[in-house]
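S.K.: The primary structure of each chain is shown beneath.
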Amino acid sequence: MSLDLKFTYTEKKDTRSGFGDGFLEAGRKNPNVVGLCADLIGSLKMGAFQKEFPERFFQTGIAEANMIGLSAGLALGGKIPFAGTFANFATGRVYDQIRQSVAYSEKNVKICASHAGLTLGEDGATHQILEDLGMMKMLPNMTVINPCDYNQTKAATLAIAEHEGPVYLRFGRPSWPIFTPADQKFEIGKAWKMIDGKDVTIFATGHLVWEAVVAEAMLREEGIHAEVINIHTIKPLDEEAILESVKKTGCAVSAEEHQINGGLGDSIAQTLTRNHPAPLEYVGVNDSFGESGTPAQLLEKYGLNAENIVKAVKKAISRK
Amino acid sequence: MEKQSIEQLQKIATQLRRDVLRMVHAVQSGHPGAPLGCAEFFVALYFDQLRHNPDFKMDGKGEDIFFLSNGHLSAGWYSVLARSGYFPVEELKTFRKLNSRLQGHPATEEHLPGVRIASGSLGQGLSVALGAAQAKKLDGDDKLVYVMMGDGELQEGQVWEAAMYAAHYGVDNLIATVDYNGQQIDGPTNKIMDLKSLRAKFEAFGWEVMETPNGNDMESVLIGLEKAKNLTREGKPVMNLLHTEMGFGVDFMVGTHKWHGSPPNDEQLENALSQLEETLGDY
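The listed protein sequences correspond, in order, to chains A and B. Under my numbering, residues 1 to 320 are what the first sequence spells out, in order. Under my numbering, residues 321 to 603 are what the second sequence spells out, in order.
Pulled out of the complex, with its shape left as it was, chain B reads as follows:
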């Protein structure tokens, strides 16, 4: 894939936001808030960072692979997978409908290209990514494994089992990103179950920790991912704390947990889409 300019990448991110909103609106279900906040990350990853093959193979040998642990961001992930060529863009209209490959949460049973593991029940993706990273090491494969988790998801105990393991085994071909938006279903994370200092926690577990201060600025996200890549192969797993705003890009959705799992109605959709230019053509 040819390198795209920041401006071009931003246009794709804007289209991704439109896709997400139209997808959840069409079935009046799904999770718009978090994928709006991760649009820059998804686009930077798939259109700039990942060294991936055009045809999808489950084992991902010889290519960078990505796991979405917080599976409720499915609408955003499906959009970026389709827009980067994994499956036809028009298939986005089947999202969450009967007989679709685009299940409410990502699944492998329907063989959707790009998806290697089911996710949605939280806390499992980091472990899976570590296993895949170990498989790459056994095979002498020099490509990387990426995984994204939500910050609320870090309340799951399994994440810390995996965090301990990653450092113990020096799994340094892995980059974990936390969508650090400070929100979860019931409210702000610091009110629901305070995560305190994630940097201190992961450093204490033996990780290399870095932050992307503005996860909704394409340049900042690209710099962050580049930096993360440069930190791999140094004996430690890499943690990228990606500061985002839930609902970014739509003025009435930004910065609140209220749009975690609520679709916009017709009027709200129209309002939201008027704030987001149709850059690549709607599906």
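Next up, chain A with everything else stripped away, as it sits in the complex:
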């Protein structure tokens, strides 16, 4: 049985490659763009930039705290630093450095975080950060972005180079469907309604946007018409788009590769409770660490795949 998907793909690629390609292009466009990486240049796909602009690239060694401080210093000198490492080391390990030297000091630093979430896979829970969006969105002055595929990640990378202010850009390791257009315009803070619907709204971010697209087709076969909204920017949150949709559909599901505590769903819940209370179900990791496994196995075990979104949708509708 094949699903009638509203978005399809012919190719899969990792979102980190979207970052790497966008970073190179941003570097070609603007000589002030510089790069830093803490011994993960290959993993972050920053090698092409380093090769083309060696004098504008700083290998910091395995020293993330120093990398964040260096970035703040480069930024105050007028540079636009892109600091890359795994999401775990780009957030929890250096939270105080980001808080004081970047966010509070209002420095134009782009924190570029790969291998976020369960889909990092076999490396296991030490590296599968599921708390980063929460940590970063709590910081005043911080913009938080979590794109869904190669094309959107590339577009987001180019957009943050032109945005003045601290940004946390989150992406991942696995090969993932490329289902959004290559020529998309990325507007920070602007949600993208991908599929129109009337019965429920699925707000998805990151890799789970694809799962939401699949879930929408599965639901449609059962006569349920879901609206799918791509929340690539967690902060600032597009509250207007959220409210407009839920006023129409009457209930919602959030889907993210993150802890339920502190994630996108929490932000949506705040928006709804303040403005338009409505049933909301959460698809996310429920207060546990991850483990080793393939991305697909992990998404299934921790309840984050399309089937789980379908279940959550039915529950949300039943609570209307």
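The set of hints was computed from the structure by calculation and includes no laboratory data. Think of the CB as a built atom: it goes at the ideal place given N, C-alpha and C, for glycine as much as any other residue. Take the hints with a grain of salt, since some may be wrong.
[Claimed, not checked] Simulated DEER-style distance windows between Cβ atoms:
1. V347/B - N275/A: 39 to 49 angstroms
2. N141/A - G477/B: 24 to 34 angstroms
3. T294/A - N419/B: 34 to 44 angstroms
4. N510/B - F289/A: 53 to 63 angstroms
5. N419/B - F53/A: 38 to 48 angstroms
6. N141/A - G460/B: 22 to 32 angstroms
7. N141/A - P374/B: 50 to 60 angstroms
8. S17/A - G477/B: 49 to 59 angstroms
9. H163/A - K417/B: 32 to 42 angstroms
10. Q270/A - K417/B: 31 to 41 angstroms
11. E307/A - G526/B: 32 to 42 angstroms
12. E598/B - R28/A: 43 to 53 angstroms
Chain B: place on chain A using the hints.
M.R.: Same frame as chain A, now just chain B:
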């Protein structure tokens, strides 16, 4: 800025000490001990060494810039910034008060001229200074970056990440100064967490290390800073170990950690001020 005589500089340092004591006394909070010990350094730096523009620009292009990593010395830094013309001297009276630009620890959110990064959470300033120094190199800017850290602060691991980086990249347009007063909040550094030989440590990391033997003697501080400047551009970051006494200038405050974060009461303030001549006029 015209060069001032050592005597004139010393007068400014004495006034800085008065400012610090009056500032922390007024709000009964803040850190008097370390800035008293660094008065000569602050004054020598801002009134003699730094080649800085009269108007403040965040990017500091084409000028020497300074970062205070041990942000709890804020009272001393604010005093020297005000006295050297960054903002009105009378603003010192807002120190640590609500709606002030003079936050308890330095911050940029209120746009206080002279401050380029928030500091207070220790161990971060050297990294920031290195980034700023790299930006200068990328721009072909021949001016220098200065940073001060506390000796207790060197217990933070990030400092050593930065120390390694500085030597690896040969960041030789940077002069780091350590306020080597041997004290930290809980007591003497050699009792709390012995730093052993800082010279040997930084030399082993690949730095050019020099010492200023008497950080509370204006001439010694000036000679030290001049020497440090002459050591730049030789392929290595420069470390200036500045031997100071915490609380210097006030007989009952000198040489002890007890005045790290404690303000004087009325009587103590009066006693302290009687030991420090009002040279430039109190704010």
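S.K.: If a hint holds in the structure, say so; if it doesn't, say that too.
M.R.: A quick look at each hint next to the structure:
{"no.": "1", "hint": "V347/B - N275/A: 39 to 49 angstroms", "result": "holds (41 angstroms)"}
{"no.": "2", "hint": "N141/A - G477/B: 24 to 34 angstroms", "result": "holds (26 angstroms)"}
{"no.": "3", "hint": "T294/A - N419/B: 34 to 44 angstroms", "result": "violated (55 angstroms)"}
{"no.": "4", "hint": "N510/B - F289/A: 53 to 63 angstroms", "result": "violated (41 angstroms)"}
{"no.": "5", "hint": "N419/B - F53/A: 38 to 48 angstroms", "result": "holds (44 angstroms)"}
{"no.": "6", "hint": "N141/A - G460/B: 22 to 32 angstroms", "result": "holds (31 angstroms)"}
{"no.": "7", "hint": "N141/A - P374/B: 50 to 60 angstroms", "result": "violated (29 angstroms)"}
{"no.": "8", "hint": "S17/A - G477/B: 49 to 59 angstroms", "result": "violated (33 angstroms)"}
{"no.": "9", "hint": "H163/A - K417/B: 32 to 42 angstroms", "result": "holds (35 angstroms)"}
{"no.": "10", "hint": "Q270/A - K417/B: 31 to 41 angstroms", "result": "holds (33 angstroms)"}
{"no.": "11", "hint": "E307/A - G526/B: 32 to 42 angstroms", "result": "violated (57 angstroms)"}
{"no.": "12", "hint": "E598/B - R28/A: 43 to 53 angstroms", "result": "violated (60 angstroms)"}
When the structure is compared with the earlier hints, violations turn up for hints 3, 4, 7, 8, 11 and 12 and for no others.
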